[in-house]
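K.L.:
Produce the entire structure from the sequences given, and follow the hints as far as they go.
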Amino acid sequence: MNVILMSFGSRGDIQPFLALAVALRERGHSVTLAAPSDFEGLVGAYHIPYLRIPINFGDILQKDSSKRVTRGITPAALLALWREVIPEFKRALYIATREVAEAAHNADVLIAHGFLIPSAYAIHQHLKIPLILGIAAPVVSTQTFPSPMFPSIPFGQRFYNPLSFQLLVRLVLSFMIEPMNAYRREVGLPMLSTGKVIQLLFGGQVPIIMHYSPHLLPAPADWAANVHVVGAWTLSAQPDWAPPDALTAFLAQGEPPIFFGFGSMTVRNPRQIVQTISEGLRMANLRGVLQAGWAGLTHEDEHLITIGNVPHDWLFPRMSAIVHHGGSGTTHSALLAGKPALVIPFMADQPFWGRRVANIGVGVPPLTLPQLTPARLVTALQSLTQDNLMRQRAAELGALLRAENGLSAACELVERYST
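Just so you know, the sequence shown maps onto residues 8 to 426 in our numbering.
Calculated directly from the structure, the hints in this document are not laboratory data. Any given hint could turn out to be false.
Dumping the calculated DSS-like pairs for lysine-lysine here, alpha-carbon to alpha-carbon at most 27 Å [said to hold, decoys possible]:
#1 K97 with K135
#2 K203 with K97
#3 K203 with K135
P.N.:
In structure tokens, the structure reads:
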């Protein structure tokens, strides 16, 4: 079977699709992964055929408007983002649609990331090939809970919860419709409105694979049979990968440290955050491992070491607890390792996952960056390291997640829907 996968976004968006591509290849299928230009090296390291999408997300997230959104989603921040970043998104989406369509002429199935839904649907209609959506957060309307981007309310949930999903999907799809329709016009397909795209994609006909754990968030009873919650798509470290000597030495010098990392998020004042982390560790008499990430965080002293990209499946089991930004991938990596967590959310679905981790008893309530002080960090770290019931729950949940094998379940669904 010839499979085309297309993903768009930061590393947390690309890595699960790369993991699925590797898993499908191991089952004997031919795979190609389309991804932004800054992930060519990552994809190539796993020897997966790569199709370049002409946009660099590392550069995008360094723009002033992107940093403003990570500090808080306000109308002014969204307007600045729309003016500075969205035109680049639209151009990249249009080129990606054309190039993926060219590569997909002999494909048996197309698997698309959420940001590429309209483009993928146009290719699906034009080339008459099966389409499957792979999504890392709940985006299908339900009465059970609101969209991850919306707060919960104590009343009117039967109306409010489904409406929150409709509003979010319309907002996210709004900048994708123009490049999709430009391609549709070229190939002779009728133009589609945002509402029509939502109806076609979420009306129960297109298979949707949610790659988060049902143990973290069970599938609501009102979801249709085409929606599957299978578990995380986790990328294993390369067989020849070895940890840096400095990290190995640091780990051997004392008790398991606490991990700090914010992935692809950028921050206004990296030095202040690092000082808060260092002071909190000193006050709590704990050690830490700080992942630099795209924010460029760095610090070295007797209780804190800075690292670059280290595979979470190797690193997290060696930690005592995990402090992170709340992306779906890192959330699941922490849970898979059986470690309690503190989420410091920046944007999007991150507050949702942070609340969820705390609500099921495997972490402490999330703290935003403005709330983060050394004293509050100490309180959180003491709970993460000393609350034996929380640590036991995290270990038990980790065992459940390790047993569910989301990649195998996803591969079986891809094979089923492609025949």
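K.L.:
For every hint, state whether the structure bears it out.
P.N.:
Hint check:
1. K97 with K135: holds (24 Å)
2. K203 with K97: holds (19 Å)
3. K203 with K135: holds (19 Å)
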